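Undergrad: Here is what each chain is made of, one letter per residue.
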Amino acid sequence: MADNATRQENYDHLVLNTCVLAGRIMIESGSEMSRVNDTIMRIAQNAGLKDAQVYATLTGIIMSGGVKEVGAEVGSIDKRAFDMEKVAKVNELSREYAAKKIDIYQFRDDLIHINDLVATFPLWLQTVGAGLVSGTLVVVFQNNLPDFWVTFIVGMFGWLVYYFLNIYIQIRFLSEFLAAVVVGALALIAVKNGIGVKADDIIIGGMMPLVPGIPLTNAVRDALSGNLISGPARGIEALISACALGFGVAIALHFF
Amino acid sequence: MNLFIIKCICVYFSGIGFGLIVNLPHRALNVAGITATLSWLVYYVIINTWGGLGAPNFFGGLTIGLVSVVVAHIKKMPSILFDVPGLVPLVPGGQAYNTIKNFALGDYRVAFNYLSEVVWIAGSIALGFIVAELINKIRIKIKYVSRGWDK
Chain A
77 MADNATRQEN
87 YDHLVLNTCV
97 LAGRIMIESG
107 SEMSRVNDTI
117 MRIAQNAGLK
127 DAQVYATLTG
137 IIMSGGVKEV
147 GAEVGSIDKR
157 AFDMEKVAKV
167 NELSREYAAK
177 KIDIYQFRDD
187 LIHINDLVAT
197 FPLWLQTVGA
207 GLVSGTLVVV
217 FQNNLPDFWV
227 TFIVGMFGWL
237 VYYFLNIYIQ
247 IRFLSEFLAA
257 VVVGALALIA
267 VKNGIGVKAD
277 DIIIGGMMPL
287 VPGIPLTNAV
297 RDALSGNLIS
307 GPARGIEALI
317 SACALGFGVA
327 IALHFF
Chain B
337 MNLFIIKCIC
347 VYFSGIGFGL
357 IVNLPHRALN
367 VAGITATLSW
377 LVYYVIINTW
387 GGLGAPNFFG
397 GLTIGLVSVV
407 VAHIKKMPSI
417 LFDVPGLVPL
427 VPGGQAYNTI
437 KNFALGDYRV
447 AFNYLSEVVW
457 IAGSIALGFI
467 VAELINKIRI
477 KIKYVSRGWD
487 K
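Protein sequence lines, in the order shown, are assigned to chains A and B.
If you read the first sequence in our numbering, its first letter stands for residue 77, the second for the next number, and so on.
If you read the second sequence in our numbering, its first letter stands for residue 337, the second for the next number, and so on.
Relax, there's no trap hidden among the hints.
Cross-link-like lysine-lysine pairs, in silico, DSSO-like; alpha carbons within 27 Å at most: (1) B:Lys479 / A:Lys176; (2) B:Lys411 / A:Lys177; (3) A:Lys144 / A:Lys126; (4) A:Lys126 / B:Lys473.
It is worth saying that the hints were derived from the structure and are not from the lab.
It should be emphasised that the depicted structure is a prediction, and the values quoted were computed from it without experimental measurement.
Use the sequences and the hints to build the structure in full.
TA: As structure tokens, this is what we get:
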């Protein structure tokens with residue numbers, strides 16, 4: 077009898093742990109909050125914790141199982157990046173769990189090893205992606221066809237600077253600032269040397285991969301779904317990013 | 337007309353390029369590009385017929401929201417995967433840059449003009465998203481009620 081109770085307790089602990097882990101991965105990869113809450117509650121309900129409660133914010137998750145013996149669990153979130161494939165993977169795993177294709181042990185194991193399960197695009201492909209965003213949007217926004225290739229290359233350099241500084245400095249706003257300085261400087265130098273036509277257009281294009289589009293969208297969504305902690309927090313994150321980019325360009329305009 | 341076709345292709349590739357940056361799953365890349373193109377086409381048609389700033393961005397955002405929910409349903413993936421790349425061609429990049437530039441040059445009156453345009457555009461896109469979400473919620477409700485699930 078007592079053995080049975082301990083086993084149940086262990087199982088409940090495991091479920092809580094899995095839920096918090098899933099939520100952490102989703103928030104760290106840039107998912108919106110209502111989806112996080114939804115996924116966690118669905119896992120808990122499928123695992124048999126009917127009265128589970130979850131409180132998720134941008135920097136941490138608190139979750140209680142609604143069972144007397146188990147209590148609550150806290151997960152802290154220190155850094156956030158954008159990795160949509162992880163969001164999709166957690167979603168897929170929770171669907172498989174709901175359909176009883178995998179059990180909770182397998183689920184938790186997959187979540188712990190999610191970095192091995194999820195493929196990332198290689199750096200050169202990401203860089204080409206940044207170039208594509210920059211080059212094409214110059215044409216779309218400014219009707220400026222001649223500057224396509226210049227912007228493509230400027231955007232690639234801006235993204236590379238951002239990427240490597242992010243690895244070494246780990247302060248996102250600082251790397252955004254320096255990347256913006258590089259984009260602005262390269263654009264102005266290119267125009268001075270007769271490679272580019274309009275410096276303004278090249279800067280607009282080169283900044284596009286760095287513009288905080290996802291945080292801004294998520295901020296509006298979180299605030300409107302009633303999560304008044306995460307919505308404004310994300311808004312501030314986006315605002316600081318935008319200011320960092322702006323200061324970077326302003327400095328480049330001033331000195332070059 | 338030539339430029340229009342080039343722009344369509346450009347929008348498609350901008351969606352894919354942004355997908356590469358945020359590490360979309362391979363299966364979602366092509367669809368993300370198509371979502372971006374569709375929403376931009378709606379935006380383009382409306383800005384050239386009605387004009388203004390609010391309506392084109394509102395309907396652009398609405399299209400992204402609706403298309404991404406439908407696609408997410410078909411592909412069985414979260415809808416955020418498709419609306420993030422779709423948003424890229426609508427972002428008021430040019431106006432935002434002009435705001436910063438004029439602030440830096442000390443031309444505050446022009447800067448505030450551009451700033452209000454940015455706020456207006458971002459607000460319209462967000463409103464489009466919200467309405468799309470509302471429509472989606474009503475659709476789910478109707479589905480449940482018609483199945484007799486009384487909830």
